[in-house]
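Each residue of the sequence shown is one higher than the last, beginning at 105 in the numbering used here.
Certain hints may be false.
Computed list of lysine-lysine pairs in DSSO-like fashion (alpha-carbon distance at most 30 Å, straight line) [unchecked claim]:
1) K461 x K799
2) K630 x K688
3) K1048 x K481
4) K941 x K856
Listed next, with one range per pair, are the computed distances between beta-carbon atoms [unchecked claim]:
5) D946 x D860: 39 to 45 Å
6) K387 x R487: 55 to 61 Å
7) K515 x R543: 28 to 34 Å
8) P793 x I404: 36 to 42 Å
Hint data in this document are derived by calculation from the structure and do not stem from the laboratory. We put the beta carbon where it would ideally sit given N, CA and C, even for glycine.
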Amino acid sequence: MSNFRRANNIVGWIVFAISAIVYLLTIEPTASFWDCGEFIATAFKLEVGHPPGAPLFMMIARLFALFAPDVTKVAALINSMSALASAFTILFLFWTITHLARKLIVGNSYTTSTGQLIAILGSGAVGALAYTFSDTFWFSAVEAEVYAMSSLFTAFVFWAILKWEEQADEAHSTRWIIFIAYVMGLSIGVHLLNLLTIPAIAFIYYFRKFKTTRNGILTTLAVSAIILGSILYIIIPGTFKFGSWFDLLFVNSFGLPYNSGLFFYFVLLFGALAYGIYYSHKKGRVILNTVLVGVTVILIGYSSYMMILIRAYANTPINENNPSNAFSLISYLNREQYGDRPLFYGQYYNAPVTDSKDLETWIPEDGKYVRGYLKTKYEFDDRFKTLFPRMYSNQPDHVAEYKKWANIQGKPVQVNTRDGGTETRYVPTFGENLLFFFRYQIGHMYIRYFMWNFVGRQDDVQSHGGVENGNWISGIKPIDAIFLGNQDNLTDDMKSHPSRNTYYFLPLILGLLGIYFQLQVKKDKKNFWVVFMLFFLTGIAIVMYLNQYPLQPRERDYAYAGSFYAFTIWIGLGVLAVYEWFRKKLSETPSAIAATTLCLVVPVIMGTENWDDHDRSGRYIARDFAYNYLNSCEPNAILFTNGDNDTFPLWYAQEVEGIRTDVRIVNLSLLGTDWYIDQMKMKCYQSAPVPISMKHDQYVMGTRDVVYIINRLNEPIELKQLMDFVLSDDPAKKYRIPGEKPLDYLPTNKIKLTVDKSKVLSSGTVKEKDASLIVDTMEWTLKGQYITKSALAILDIIANNNWERPIYFVSPFGDGDIGIADYLQHEGFAYRLVPIKSNSSDYLNISRIDSDILYDRLMNRFRWGRINEPDVFIDHNVQRTAMVLKLRNSFSRLAKKLIEEGKKDSALKVLDRAVELLPHPKFPYDFFMFGIIEGYYKLNEVQKANKLTLDYAKVSEQKLRYYVSLDDRMKQYYQDDIGLTAQTLQELASIAETYGQNEVAVDINKMIQAALTLK
């Protein structure tokens, strides 16, 4: 026994060391895109991030941050925390596999021969290393996200229940159950995924303690569901729900401070639990005592959420949802800002609303709680409801995707319209509902991810269907051709893409061998079903629970990491199947060595294939782009941002590295909430309060969430006058519909703002040289039939700013599009509001340019995060960010402006810098290249222009040749690409011809003809 334990520990720690080294070598040295910047920022100063929060993650991350020598290393330390958590996950996975493998080989004994020992340890090493190098887990291991730590909790509790299984007959073995309960309580403060191990844990307990019967299995299943449901729907929300009743009593009836009743409730709760534990112990009630102790330690672990309450009450700079009292914390935990989705029974996407009801909550006001709006609950036509609804979103782009994925024909139903008429709507059938579930939610959003990890990945470009990008691929051409089309004429870019990873089905095959060996050869059905339950609940069950709509903003494979973890257990057991096969020809020890060596090829292939696109070392792009956003702004600016990737990295830059804390970031996705507007009206670091005139009761939730536009006036109205109108409580200024509440509305969509020229010049909004361009009055038109509260807040800020502070938008469109694109000035990564009309001619030339400002920022002040360095991998997210920012277009427009101003030397430097920073294929050629090529031609840099033209043409020709080589079945997916690529080549030829490069134009036209006539 001691020999096995010693070897098991040694090899386990070696595997841990390998994974830790790999992850630490490949971590991103600063913040990553998406939620990582927010997690690092909130952890560094213990602030309040997005619902439902991750307080334990933040506290542990804060501990790691304390070891940073300076603020620029904080992100690296927190990323290292994820790397180490991932390495410990691998360690516990190794020990889990060896535990199960040992039972298959020698049963409950620890006595093994040398060959058996090598085979068992080999199975653990292969399975654990396969997970180490798997696509999804490696991605999460090198950034500051919760999924690495959540995986550690999952791995740990699964290993811990196996330790209990070993000691179940010993005295005090129940301590393992209590410990698991405590760890699960802690895990709530990271992510809820860990709770999905409960059914698997329950079955390990059942199989160890009881004789297996059908009724016993059903009872265990029911009990595990009750335990899981109790934690999810009673302990997590109910703990604070009950506490909120006490707080309401103490505050409103006794006149005590907020949260006093909550404090009393927790004293009462833990006092009652303590007495119950004492009483049950004294009376010998073992089961009751165990349950009470288990609930108590879960609550102790869950108590990390008190940090959210405490820090929200302190009103930290990042304080999302402001969960500073029990009622707001309940909304925070329930993720109510993200809305509801039906799971078991609900409406289809086109269901008519038959009724609605405003739900209320309690909100703090003047030392008391008063009733306030929470959300609106809608009732839908019963004819449009179904069991297990999968297609529920009524957004037009989602509806179009539903119809595409499910081939919806529907059945006609007559419904009444608001004008008293009728119309026919087509209700999807239940079969079409299930088709969407299996094709999109299971096939596209789970099986595709599963195959990425164990077969191979086409590339990292996000896929919304089709065969072009983001699919699984094996590297075996005949098989891949069936699913993706001809693989013989792939372009060079396709073949050499760093994220094109092929494993030739080997991990999948080894895992299937492990399943066969466990289930059929060794007949270990009990442990098979335990692992399968973990595999299913962290995979397919999550798919059913998430009920995802189409066109997700990013790939979601990280949600299923637990399922992939479970499959690698079978990959490990697959080594034993190979070992048993070798034993038919060789003795034990050579068989074990041969099986382990052969199967180690699987993680080696995975590691070598995945390294180049998972190595983020040396990449500083998210942080430096945040720096550029902030330094696009003049001092004390207001910067309107849209989504995660133009907000969270900026929060990181300000909160952690202290970059440009004078700039006030105003996120438009949050500006529609009352708590966020409240925060914008406060001073924050060096930033003065945002000039919002609206009082709290004028924008509290449920008030002016939507303001309709009813054009009663056909002339522009002064913005301040319009704001006074819409904010008025005068009944005469409301729009009345019989039987409904009076509505706030705008009487026109035409707005004007009289410009104080002297103020504009004195504040530096416009330079003296451009004074003659300042308009007397800015006029613009609102789009659509209504504006949201966030748009109303933007108008209020503009109306009250009076050019005191610079106002910037990260995009002229998007959430902040109030129709003012003609009055924006491009100043780098942001657009400044100026009283000069640009009369933009097209999408590529939105906003005016001040060449001095833009040149200084693009060429001198901005940092670029080593994006063009050979050792830095540029993933699709970075490429997409560069496209959204229109970086190439910014350089080409600047060069064009400089040429117009006669500054040709500067223009050439700008074009050269663009080509240097954004080389193909790191940043694939796109239509923004046309401006750069034309710029070179205008500067008579013919050689550079011709080279770019021909390079772009050759890349496009390869694409066109590939598309044309496909059969008709596959070619249908590329119809738009074929047309676009042909147009690209024609445009390149036209540009060359325009500038007298007829030979180049002829060559390109020959490329087009040759590609289109390819057989």
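Going through the hints against the structure:
no., hint, result
1, K461 x K799, "holds, 26 Å"
2, K630 x K688, "holds, 27 Å"
3, K1048 x K481, "violated, 62 Å"
4, K941 x K856, "holds, 13 Å"
5, D946 x D860: 39 to 45 Å, "violated, 32 Å"
6, K387 x R487: 55 to 61 Å, "holds, 57 Å"
7, K515 x R543: 28 to 34 Å, "violated, 20 Å"
8, P793 x I404: 36 to 42 Å, "holds, 40 Å"
Checked against the numbered hints listed earlier, the structure breaks hints 3, 5 and 7; every other hint is satisfied.
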